[in-house]
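Residue numbers (this note's numbering), protein chains in the order written: chain H, 1 to 361; chain P, 362 to 659; chain E, 660 to 982.
Note that these hints are calculated values from the structure, not bench results.
A few of these clues could be false.
[To be verified] Straight line, CA to CA, 30 Å or less: simulated DSSO-like cross-link-like pairs of lysine-lysine:
id: 1; chain 1: P; residue 1: K418; chain 2: E; residue 2: K831
id: 2; chain 1: E; residue 1: K909; chain 2: P; residue 2: K601
id: 3; chain 1: E; residue 1: K909; chain 2: E; residue 2: K831
id: 4; chain 1: H; residue 1: K135; chain 2: H; residue 2: K169
id: 5; chain 1: H; residue 1: K135; chain 2: H; residue 2: K106
id: 6; chain 1: P; residue 1: K418; chain 2: P; residue 2: K510
id: 7; chain 1: P; residue 1: K510; chain 2: E; residue 2: K909
id: 8; chain 1: H; residue 1: K132; chain 2: H; residue 2: K75
id: 9; chain 1: H; residue 1: K75; chain 2: H; residue 2: K106
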Amino acid sequence: MADVVFDNVTRIYAGAETPAVDALELEIADGELVVLVGPSGCGKSTTLRMLAGLEGVDGGEIRIGSHDVTHVRPKDRDIAMVFQEYALYPHMTVEQNIGFHLKIAKVPRTEIARRVTEAARMLDLTPYLQRKPGKLSGGQRQRVAMGRAIVREPQVFLMDEPLSNLDAKLRVQTRTEIAALQRRLGVTTVYVTHDQVEAMTLGDRVAVLDHGVLQQFDRPRAIFDRPANTFVAGFMGSPPMNLLGGRLEGEDVRVAELTLPTTRAQREALTSDEVTVGVRTDAFVPAADGEAALNSIIELVEDLGSDAYAYCMTDLGGAARHLAVRVDPDEVPDRGAKLRLRPRPGAVHLFDGRTGDRLPD
Amino acid sequence: MTTTTHPSPQVRRGTPAPGTQHHGVLRIIGTTLTWAFASFNVLVLLFMLFSSFKTTKEIFRAPWAPPSSLHFENWSQAWSNGGFGSAAVNTILVVAASSVSVLVIAAPAAYALSRTQTRLAGGLTVFFTLGIGIPTQVTIIPIFVMMAKVNLVNNLFGLYVVYTAVSLPFTVFLLTGFFRSLPGRLEEAAAIDGAGVVRTFVQIMLPLARSGLVTALILNIIGLWHETLIALVFIQDQDKSTLSLSLLSFMSTITSFSDNPNWGALFAGVSILVLPMLALYVWLGRRIVEGITVGATK
Amino acid sequence: MIREAERATATTTAGVTDEGAVRSSGARSTLERDRRRLFLPFVLPALVLYLVFFIGPALAAVWISFTRWNGSTDAEWVGTRNYEVLVDDPVFHTAFVNTLLILVVVGVVVFVIAFGLTMVLREMRGRNAVRSILFTPYMVSAIVLSILWGFIFQYDGLVNSLLEAFGMEPVKWLSAGNLMPMILLGMVWINVGLYAMIILAAVDRIPNQYYEDAALAGTNSLQRFFYVTLPMTWDVVAVAATLWTINSLKIFEFIFAFGGTTTDLPSTDVWNSALFVYGMSFGGRTPAYAFGYASAAAVLMLILFAVFVILLRRIMRREPIEF
Ligand SMILES: Nc1ncnc2c1ncn2[C@@H]1O[C@H](COP(=O)(O)OP(=O)(O)OP(=O)(O)O)[C@@H](O)[C@H]1O
Ligand SMILES: [Mg+2]
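Input sequences plus hints: build the corresponding full structure.
Spelled out as structure tokens, the structure:
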């Protein structure tokens with residue numbers, strides 16, 4: 001078992017102007033499951049592949065269990081990887097696929113058989129050992145790929161969107177299984193996904209990347225409760241947090257009719273008088289008559305049964321903006337209905353309007 | 362801890378992954394041999410081109426050097442005395458006519474074979490494919506006798522007929538595969554719009570299959586341009602000869618009938634045969650390679 | 660938990676296929692009916708041409724092979740005489756051996772080099788240029804390649820001029836004993852490009868993740884070849900091998916021009932099957948017009964090669980792989 005450290009790691013692809021991963025600092029504890037999440041092209045796969053040794057490192061250092069592995073070959077890093085498309089060899093049986101790495105590593109045959117049987121049992125693959133991957137369902141293939149990683153008994157598991165080829169239902173189930181398996185084996189795991197629900201449910205900690213730059217690295221709850229900047233706030237959560245442009249007037253931030261108080265520390269941290277106000281969908285309450293409010297008209301209602309969201313058009317002092325608001329699923333308002341909304345006090349996130357950084361609480 | 366320098370933004374070559382950069386002896390040998398092989402091909406073609414402008418003496422004295430002066434008379438000698446001029450016209454005519462005709466005949470057949478899921482269609486597809494495996498040496502005697510009966514021997518029209526026929530199995534094979542890869546939806550849409558099968562074929566499938574047809578056309582042009590055995594058997598008269606035949610007879614003239622053979626003129630003749638196809642390759646190389654490999658890899 | 664969901668997906672997929680099967684075997688659409696009606700008119704011209712120029716002649720060749728015939732007088736039925744003579748004919752023996760030499764020796768060397776090239780070209784700089792250049796012999800007439808090949812190895816040719824430039828003794832590359840090896844070597848030269856290109860096209864379609872997983876496993880390049888490249892290109896290699904078998908029997912021009920001209924045939928030492936047939940029928944200063952005998956040779960070789968192709972396909976058959 002080992003911890004993993006990215007120390008100021010940078011990757012610049014041949015011919016690229018900007019780094020795909022820029023000065024990444026990440027310390028992953030032994031046995032931890034860390035999820036890398038971010039929009040497409042943000043450098044998640046690149047990060048993972050550098051850790052695997054499939055991609056060169058242009059600056060900085062990667063350590064696994066305090067060994068510098070930056071220039072170590074993939075096979076000597078004591079890692080196992082689950083690929084997005086699984087990379088199961090179509091001409092080998094499930095058994096041969098799972099045992100392939102051990103065979104190449106010249107592990108004795110009896111030992112290979114033992115570990116493969118064990119992994120197959122753990123993953124419910126025993127009946128399929130003699131089949132070829134072409135004749136397996138998507139979920140079974142995914143488990144074979146897991147099996148191939150498990151039998152290596154590595155220090156670190158790497159998984160690059162291992163569930164993206166499964167249908168939605170299977171994805172949720174397999175997600176739980178992976179989490180359970182990882183906790184049971186206690187192997188440090190780096191897991192890449194672009195699905196923020198997956199990230200929040202699976203990770204001990206979540207690293208949010210954008211344009212190759214680490215935005216926030218924290219426990220899922222903390223990322224949800226205290227997003228480090230407007231990018232994280234707008235990326236995590238579904239629907240994501242509403243971000244409204246406001247302006248500092250005196251000691252308050254003004255958004256349309258609303259005035260929101262600020263602390264002195266917040267005012268001092270501001271780089272200009274522009275403030276971005278973040279309000280989660282569930283942080284709106286109806287405003288009483290005469291109270292300052294955001295006047296909104298419902299354009300679309302999404303009723304999911306246990307949840308319902310109203311997508312409104314809101315007048316923000318001349319400029320129209322869309323707002324997503326969670327409404328009571330038992331009393332779903334109609335399209336075209338008018339809402340007068342105000343954020344619950346204390347449930348407002350304030351960000352610097354220029355830099356996007358979170359203002360101190 | 363080792364100190365690492367942050368790469369400057371002008372670094373354009375990303376650091377390769379660890380372990381991929383070891384230059385094994387085998388790899389170096391392999392790369393060297395590959396380059397040597399490629400250079401050999403280029404040099405041989407350059408040699409051909411250079412020699413076509415040289416005197417025989419110069420060819421032997423400095424075979425690898427560029428020509429010291431351009432002896433265009435080699436080319437004119439090959440063109441007129443060697444009969445390459447008339448042969449070029451014959452070849453172009455026959456090859457063009459045959460490669461177009463075979464398309465006209467093969468395309469409807471390939472379309473019908475690829476779109477009809479009956480046992481007959483399946484059997485016929487295999488039946489046509491068998492023809493690819495029948496070499497000319499087996500059929501040429503009966504074909505010769507048959508064509509002689511209808512007076513189409515030593516006759517360019519006869520050659521055109523035979524060329525069209527021998528190109529058929531490969532063309533049907535290639536186009537059947539191609540039509541099969543086209544989506545069936547469009548035909549269904551056309552049928553809903555009330556187009557009959559013939560109209561669907563001509564107005565919808567043929568335009569869609571254009572790239573496949575062009576590939577087949579090019580491959581047949583290449584194959585027939587180089588054809589020799591049938592031409593040797595069917596054509597006797599000098600004025601009806603194709604480029605391949607002209608080259609062979611020119612070679613026999615200059616090697617056996619003169620004490621001072623003009624090799625420069627021979628290479629000019631060789632170039633006349635080679636350059637059009639090389640030009641075609643430079644122009645459409647990618648498509649040619651894809652066309653040839655797609656049949657095997659599909 | 661997972662199991663259930665999978666079963667659910669499995670049944671839905673099965674449902675879809677069943678439905679599809681019903682649709683195609685059930686009532687035919689008008690489109691389908693029209694298509695059937697026009698099947699014959701579409702196929703007929705090609706079929707007639709094919710029967711007249713391939714199947715008819717091939718059957719006729721079999722018949723002719725049992726006769727003595729010069730094409731003008733009446734054919735005389737001689738039974739299996741032609742085949743009996745063939746078996747004892749030293750010229751045919753040479754041609755037979757040469758044909759097999761080309762098939763096996765050139766074939767093996769071409770495929771080994773082609774695979775070597777794919778391994779080198781996968782990770783080489785300038786690979787696209789090299790690929791295009793290696794393919795050029797396909798675009799050049801075999802006659803021309805043969806003439807150039809001869810010129811290169813002539814006693815006063817290119818190779819010896821290079822040897823002399825390095826102070827070495829010139830070699831008689833084209834002495835009688837060397838002729839066939841030089842022809843075989845030349846055939847390797849002109850054929851490698853095509854087969855390398857076919858195999859490369861297949862190698863290019865192997866998803867890179869297999870090579871990455873193989874790198875994680877710690878394979879060396881030979882293991883990568885045997886565990887990834889070869890099994891995943893096997894279908895294509897099998898097709899290419901069949902193609903080579905067929906093409907190798909058709910080889911004519913390269914040998915013919917390597918010492919022969921329109922009037923003269925090359926030495927019988929270098930004849931292969933196609934040259935034998937040509938030499939026994941139309942070729943040479945005074946053509947033999949031994950149509951029966953030539954046809955017997957052609958038919959015999961075709962049967963042999965057909966058997967070979969069938970065996971080859973059977974031996975090389977694998978379960979088709981799906982990525
Ligand atoms: N081999 C490569 N050569 C050059 N640029 C590359 C290469 N691989 C990735 N990139 C670039 O690097 C950036 C990061 O790519 P990466 O694959 O890490 O993204 P990602 O976060 O995994 O995205 P996705 O969710 O779409 O998989 C992208 O801008 C991409 O275009
Ligand atoms: Mg990715």
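Now for the hints, and whether the structure bears them out:
About 21 Å separates the Cα atoms of P:K418 and E:K831, which keeps this hinted pair within 30 Å; it holds. The suggested pairing of E:K909 with P:K601 holds, with an alpha-carbon distance near 25 Å, which does not exceed 30 Å. A C-alpha spacing of about 29 Å is found between E:K909 and E:K831, which places the hinted pair at or below 30 Å, so the restraint holds. The straight-line distance between the Cα atoms of H:K135 and H:K169 is roughly 21 Å, inside the 30 Å bound, and the hint therefore holds.
Taken as a hint, the H:K135 and H:K106 pair is honoured in the structure, with Cα atoms around 28 Å apart against an allowance of 30 Å. With a CA separation close to 49 Å, the supplied pair P:K418 and P:K510 exceeds the 30 Å bound. Distance check on the hinted pair: P:K510 and E:K909 sit about 26 Å apart at the alpha-carbon level, within 30 Å; holds. Taken as a hint, the H:K132 and H:K75 pair is honoured in the structure, with Cα atoms around 25 Å apart against an allowance of 30 Å.
For the given pair, H:K75 sits about 13 Å from H:K106 by alpha-carbon distance, which is consistent with the 30 Å threshold.
In this structure, only the earlier hint numbered 6 is contradicted, and the remaining ones agree with it.
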